[in-house]
Amino acid sequence: MDLVLFIQALLIGIFCYLGSVSSPWLMGVTGGYYVVGRPLVAGLIVGLILGDVTTGIILGVAVQAAFIATISTGGTQNSEITYAAYGGIALGMLAHASTGVTVTLSVGIGALGLILHNFMMVINSYWNRRAEQAANDGDAKGIVWNNAIYPQIGNFILRVVPVTLAVYLGQGFVSDALKAIPKDVTTMMNVLGGLLPALGIALLMNLLIREKAHFIFFLAGFVFIAFIKNNMIALTVFAILIAYIIYLVKQKAGSTVELEDEVI
Amino acid sequence: MPKLEKKDLRKAWRSWAMYHLSSMSFEKLEAHGFAHSMLPVLKKLYKDNPEEYRKALKRHSVFYNTEPQTGSLVNGVICSMEEKRANGQPIDDDMFHSIKTSIMGPLAGIGDSTLQGIFIPILLTICMGISNHGNPLGVLLYIVAYLAIILSLSYFLFMRGYTLGIHSVNSIIGENAEKLRDAFNTLGIIVIGGLAASFVKLSTVIKIPNGDEQLDLQKTFDGFFPGLLSLLAVLLCWYLISKRKLSASKVLIILVLISVVGVLLGVF
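As given, the protein sequences belong to chains A and B, one line each in that order.
Position in the first sequence counted from 1, then plus 538, gives you our numbering.
Position in the second sequence counted from 1, then plus 193, gives you our numbering.
These are calculated hints, taken from the structure and not from any lab test.
On a predicted model such as this, the values are computed, not experimentally measured, just so you know.
Check the hints yourself; a few may be wrong.
[Claimed, not checked] Restricting the straight-line Cα-Cα distance to at most 20 angstroms, the calculated cross-link-like pairs of lysine to any residue (SDA-like) are: (1) Lys788/A / Ile303/B; (2) Lys196/B / Ser295/B; (3) Lys438/B / Thr637/A; (4) Lys750/A / Ile766/A; (5) Lys436/B / His752/A; (6) Lys412/B / Pro402/B; (7) Lys721/A / Thr397/B; (8) Lys721/A / Lys251/B; (9) Lys790/A / Lys204/B; (10) Lys394/B / Thr637/A; (11) Lys200/B / Val255/B; (12) Lys412/B / Ala764/A; (13) Lys248/B / Lys750/A; (14) Lys750/A / Leu439/B; (15) Lys240/B / Asp677/A; (16) Lys251/B / Lys750/A; (17) Lys443/B / Leu428/B; (18) Lys277/B / Ile303/B; (19) Lys750/A / Phe349/B; (20) Lys372/B / Leu779/A; (21) Lys236/B / Thr397/B; (22) Lys251/B / Leu779/A; (23) Lys204/B / Pro402/B; (24) Lys248/B / Val682/A; (25) Lys679/A / Lys436/B.
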């Protein structure tokens, strides 16, 4: 048994737990799900644990691109981001996979992770019933334990055990598999890795674009970056300017309406 | 007259900020997280009245779900309502329920679309740009910026909810806020356009025989519209989701098929 690799795998599993949506220890979702749970941050952490920060971050950025627009509400989730980040980046790194392959690997692992996450939510119904009973009895301690502590046991086991085992046992398997599969399949995984951000962005568009005419703003942003390459900060400033103008216009429109109301 | 101190409110905020989703399940979600966060407040207010205390715990253990970070506003509002009730104002269970259920929806909508839809993608994109070649600075910037901005926002909203009571909701759902949000929405749409251009990568390897030379189709595309194929990929996904009402998983399967068939036919 490779003790060093086991400890590394265990640490990765523990961070996957700390970054999960229901782990409370890092100020709830604020420090957990939205910071430690992001693939960008996971890249740095996995890089530190496995001793190659640069590769970790490069893979983290690639996986983050596919999950850039993860919306956790409304049942549109198809992949659990924390499992995807820690399992995918760690395995991709240990197997020396390309970024495209790592992204595809992450999405696959995330899909399996979603099943475990849903299983945890089912288990939690039991603790909910006990917390409800505690509330009926006026038992504050019962609420604390059944809300904060007991549900974390399942969450911890369902994250740490599978991720640790996957990283520990999967290393050899994944690198052998990558060597064995034909080049066409690797190309497909790379193409898919480049396509996946389109899905997340489409979900965001579905959320933000309420009037068809607003599509022109999307096109403006796209063209700005596609034609003037690599200037996200410039685009953000430009977008803030446009947003401010729109706000001023609406503000004006609003106040004239109010004035008319008063005249009448 | 029981009165809440800053200390109690801070404790209530901290409990909410940590334990909002810790016992999440399909049917209760943040219900018990809400009850948990009310504990320090209720303990203080109903110290001498165990029956009232029990009833208060019970009324805050019902289904509840909102965007937890901006939703701290509701906890602040409810704290001030509980304080008024403990001081003799006639506020019954139904009033608490109707206030909670009527704000949580709009607040979740706004919180999710501004945080997950605009704020997080923009911050991530900027930091990913810095970290693109393995520079840890971008990652560190993301961690520090996110924690500082969101934790202070959540704390501020909680306290505002407490001091202004139900009127504080206007600062988020009111008419002026709506105009502000429309503006933010536009900001978000422009930035995700940029996101699409930098992160969706699709190019063709098709070569068209042109006399003795071969015409590289991708170069032709780049000549008049860089990233045209990526744009088409995004538009296809958007069409499938918003017009054909396909689920994200189905669109994912379609993308897998496109990659497989595209590579087999020698398009990508």
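Checked hints:
1. Of the supplied pair hints, the one linking lysine 788/A and isoleucine 303/B holds, its CA atoms being roughly 19 angstroms apart against a limit of 20 angstroms.
2. About 27 angstroms separates the Cα atoms of lysine 196/B and serine 295/B, which puts this hinted pair outside 20 angstroms; it is violated.
3. A distance of roughly 31 angstroms separates the Cα atoms of lysine 438/B and threonine 637/A; the hinted pair therefore is violated under the 20 angstroms criterion.
4. Between lysine 750/A and isoleucine 766/A, the direct Cα distance comes to roughly 25 angstroms. Violation of the 20 angstroms bound is thereby established for this hinted pair.
5. Using a Cα cut-off of 20 angstroms, the hinted pair lysine 436/B and histidine 752/A holds, with the two alpha carbons roughly 16 angstroms apart.
6. Only pairs whose Cα atoms come within 20 angstroms are accepted, and lysine 412/B paired with proline 402/B is accepted, the gap being roughly 14 angstroms.
7. Only pairs whose Cα atoms come within 20 angstroms are accepted, and lysine 721/A paired with threonine 397/B is accepted, the gap being roughly 17 angstroms.
8. For the proposed pair lysine 721/A and lysine 251/B, the alpha carbon gap of about 61 angstroms is over 20 angstroms, so the pair is violated.
9. This hinted pair does not check out: lysine 790/A and lysine 204/B have alpha carbons roughly 42 angstroms apart, beyond 20 angstroms.
10. The straight-line distance between the Cα atoms of lysine 394/B and threonine 637/A is roughly 12 angstroms, inside the 20 angstroms bound, and the hint therefore holds.
11. Restraint check for lysine 200/B and valine 255/B: the C-alpha separation of about 26 angstroms exceeds 20 angstroms, so the hint is violated.
12. Among the hinted pairs, lysine 412/B with alanine 764/A is consistent with the structure: their alpha-carbon atoms are about 14 angstroms apart, no more than 20 angstroms.
13. For the hint pairing lysine 248/B with lysine 750/A, the CA-to-CA distance comes to about 49 angstroms; that exceeds 20 angstroms, so the pair is violated.
14. In summary, the hint linking lysine 750/A to leucine 439/B is supported, as the alpha carbons are separated by about 19 angstroms, within the 20 angstroms threshold.
15. Our distance criterion of 20 angstroms between C-alpha atoms is met by lysine 240/B and aspartate 677/A, whose separation comes to about 13 angstroms.
16. A C-alpha spacing of about 46 angstroms is found between lysine 251/B and lysine 750/A, which places the hinted pair above 20 angstroms, so the restraint is violated.
17. With a CA separation close to 16 angstroms, the supplied pair lysine 443/B and leucine 428/B stays within the 20 angstroms bound.
18. In summary, the hint linking lysine 277/B to isoleucine 303/B is not supported, as the alpha carbons are separated by about 28 angstroms, beyond the 20 angstroms threshold.
19. In summary, the hint linking lysine 750/A to phenylalanine 349/B is not supported, as the alpha carbons are separated by about 35 angstroms, beyond the 20 angstroms threshold.
20. A hinted pair counts as satisfied when its Cα atoms are at most 20 angstroms apart, and lysine 372/B with leucine 779/A qualifies at roughly 15 angstroms.
21. Of the pairs offered as hints, the one joining lysine 236/B and threonine 397/B is violated, with about 66 angstroms between alpha carbons and a cut-off of 20 angstroms exceeded.
22. The straight-line distance between the Cα atoms of lysine 251/B and leucine 779/A is roughly 49 angstroms, outside the 20 angstroms bound, and the hint therefore fails.
23. Distance restraint check for lysine 204/B and proline 402/B: the Cα-Cα separation of roughly 72 angstroms exceeds the 20 angstroms cut-off, and the hinted pair is therefore not satisfied.
24. The hinted pair formed by lysine 248/B and valine 682/A meets the criterion: a straight-line CA distance of about 17 angstroms does not exceed 20 angstroms.
25. Simply put, lysine 679/A and lysine 436/B have alpha-carbon atoms about 50 angstroms apart, too far for the 20 angstroms limit, and the pair is violated.
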